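Peer 1: Residue numbers (numbering that gives the first Met the number 0), protein chains in the order written: chain A, 0 to 336; chain B, 0 to 336.
Bear in mind the hints are in silico, worked out from the structure with no lab data behind them. Where hints are given, some of them may not hold.
[Unchecked claim] Derived DSSO-like pairs (lysine-lysine); straight-line CA-CA distance at most 27 Å: (1) K305(B) x K249(A); (2) K226(A) x K305(B); (3) K226(B) x K249(A); (4) K275(A) x K186(B); (5) K303(A) x K226(B); (6) K226(B) x K255(A); (7) K176(A) x K283(B); (8) K186(A) x K170(B); (9) K305(A) x K249(B); (10) K275(A) x K176(B); (11) K305(A) x K275(B); (12) K57(B) x K47(B); (13) K303(A) x K251(B); (14) K170(A) x K186(B); (15) K283(B) x K249(B); (16) K249(B) x K249(A).
It should be emphasised that the depicted structure is a prediction, and the values quoted were computed from it without experimental measurement.
Protein chains: 2
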Amino acid sequence: MNIGIVGITGSVGQEMLNCIESLDLKFNTLKLFASEKSVGKKINFMKKIYIIESVHEKSFDNLDVVLFAVESSFSKKYFNYAKNSNCLVIDNSSAFRMNDNYPLIIPEINSELINNNNGLIANPNCSTILMNVSLWQIYKKFGIERIVVSTYQAASGAGIKGLEELENQNKEYCLTKNISSKNVFGKQYVWNVFSHNSVINLQNGYNEEELKMINETRKIFNDQKIKISVTCIRVPVFRAHSESINITLKNKATEKEIRDILNQTQGIEIMDDREKNNFPEPIKASEKHNIIVGRIRADLGQEKDKGYELFISGDQILKGAALNAVQILKLYQQKYF
Amino acid sequence: MNIGIVGITGSVGQEMLNCIESLDLKFNTLKLFASEKSVGKKINFMKKIYIIESVHEKSFDNLDVVLFAVESSFSKKYFNYAKNSNCLVIDNSSAFRMNDNYPLIIPEINSELINNNNGLIANPNCSTILMNVSLWQIYKKFGIERIVVSTYQAASGAGIKGLEELENQNKEYCLTKNISSKNVFGKQYVWNVFSHNSVINLQNGYNEEELKMINETRKIFNDQKIKISVTCIRVPVFRAHSESINITLKNKATEKEIRDILNQTQGIEIMDDREKNNFPEPIKASEKHNIIVGRIRADLGQEKDKGYELFISGDQILKGAALNAVQILKLYQQKYF
């Protein structure tokens, strides 16, 4: 299989490369693409040197699959090139996620849709992936009527520049307590918490991140009726996202049944030690493939056996982006190569 | 009126003093108490010098009201002294909050109970106060069936030592990236998020902070049936707490009606600019008397006109503790002096 990655200099692109190695994905050719300013730079990967190329209309001619880790506008443009080259795209942007022509895939949930692609498979939003993997088996077995979720999102969601701004603000704080680096978020991030910086729908007051979590979950669960209430907040954490999740089941389940199903859920690790106060934390989830799930408890605010609360942390660059995309790639390879 | 403050060297005690000044509370005598190691130290307050005293059985003999800003065990002990001295206690600890003999007061909500004290008025938990002030007028007008809340709590809730530990961890991070100051929280706090460090009920999995928010809200709203689902999380913020709040109304209300009622709610300030992404943040709420309320929106996950979402930030040392206590003191003075 001949593969490519577009956006190799970004944090997601870099992790895609790492995931290709850690998932032991076999390939013949690997091509790495980035914007003009990085063209010609060398990348050392698995003892071979790769030279970064720019994307042009024929870039994907000899590739079977290309992973996109670029902004929506670039995904749209480059998808046309890939179509003409008959090269499958696995796209991390939001450009095609809600387009009915293309499947939106989380391997633990709906890998069967991999066949129904029209040349593109969309990779879901990071916060959506973390929540959906954690809830899917509960959903399948007992049904979920409603989800209320509040997020604790890391700087990494805003890319390398977001991460750097948080670091720079802290350096400024340490030296002078005077914070002036505000280009990315437009505000003080260190020692603060703020509503997610995506564009807000002025009519309904929801930001894009929140609407993604609602709409993408409905598409992935194939359930237009599931009720989702979501608030997305950024916290001064570098890498992993956390989520406080409250669910209302359709059918009753005991806490033991919920724990049993979570124990069998692929892609998660349970960390739930009440005695030692050992629960999911973003620093524990950073650079891990599994999402950490804990604070599992019957909701005192709902009818017995109908409501549960969870707290989860997951690496948004890995399972929230790069790892999920490479898992799709691996599934595709197993099926067609 | 002769007044005293016990626990004057703590962060809440210090702010009680500031609130006495900012609320322009008149008094004849003011006595300041702390533990043995601070006895004899001088405190400069409103151009007078006060000398810190230790607490003994007769300490409150000539006082009308004393504010306690100490741990529960000390509140219990000193309340006996105050009772014998016929001195009213306003207690910031959790020792008597859920005791039916004593009122649990937020002046914006249930100031009428100030008469029904048996020598002690309890000051509610910080997170409870912030949520209750924000929701009370909505509750009164439309009824609230259910609340789902997730908190973003600051280090200040763990006192001066908690604040110092977060600062020290950051200094260590800046110098060596190696974090070893973990005496208070037992874990990395800087660049991290974790489940609230209060004791966990091993049976139901809720921590004390969460149970306080449930039980105290029910007592303050005088509604044993209100459903409350709560998850308490600490974030690396110094001073103010934030909360993501989702409510289900008993009776329908339009978004305009909710905004109108919030506009008339005492003790809050609305900050809700969707165009500029200007919403409540803990650094904006720090050292402010008002709680900031924003992200007010009709919940897309509930029946039309039945569900709303809010995000709030409030200074937990001020309205969450010291200010609320001094407001009670002022009410009491206006009534009886």
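Peer 1: For every hint, state whether the structure bears it out.
Peer 2: Structure-based check of all given hints:
1. K305(B) x K249(A): This hinted pair holds, its Cα atoms lying about 20 Å apart.
2. K226(A) x K305(B): 13 Å, holds
3. K226(B) x K249(A): 18 Å, holds
4. K275(A) x K186(B): The hint holds at about 11 Å.
5. K303(A) x K226(B): 12 Å, holds
6. K226(B) x K255(A): Distance ~23 Å between K226(B) and K255(A) Cα, so the pair holds.
7. K176(A) x K283(B): 16 Å, holds
8. K186(A) x K170(B): OK: K186(A) and K170(B) at ~22 Å, within 27 Å.
9. K305(A) x K249(B): Holds. K305(A) to K249(B) sits at ~20 Å (cutoff 27 Å).
10. K275(A) x K176(B): Cα-Cα ~25 Å, so holds.
11. K305(A) x K275(B): 39 Å, violated
12. K57(B) x K47(B): Roughly 24 Å between the alpha carbons, so the hint for K57(B) and K47(B) holds.
13. K303(A) x K251(B): Status holds; Cα separation ~26 Å.
14. K170(A) x K186(B): 22 Å, holds
15. K283(B) x K249(B): 32 Å, violated
16. K249(B) x K249(A): 22 Å, holds
Violated hints, listed in ascending order, are 11, 15; each of the other numbered hints is respected by the structure.
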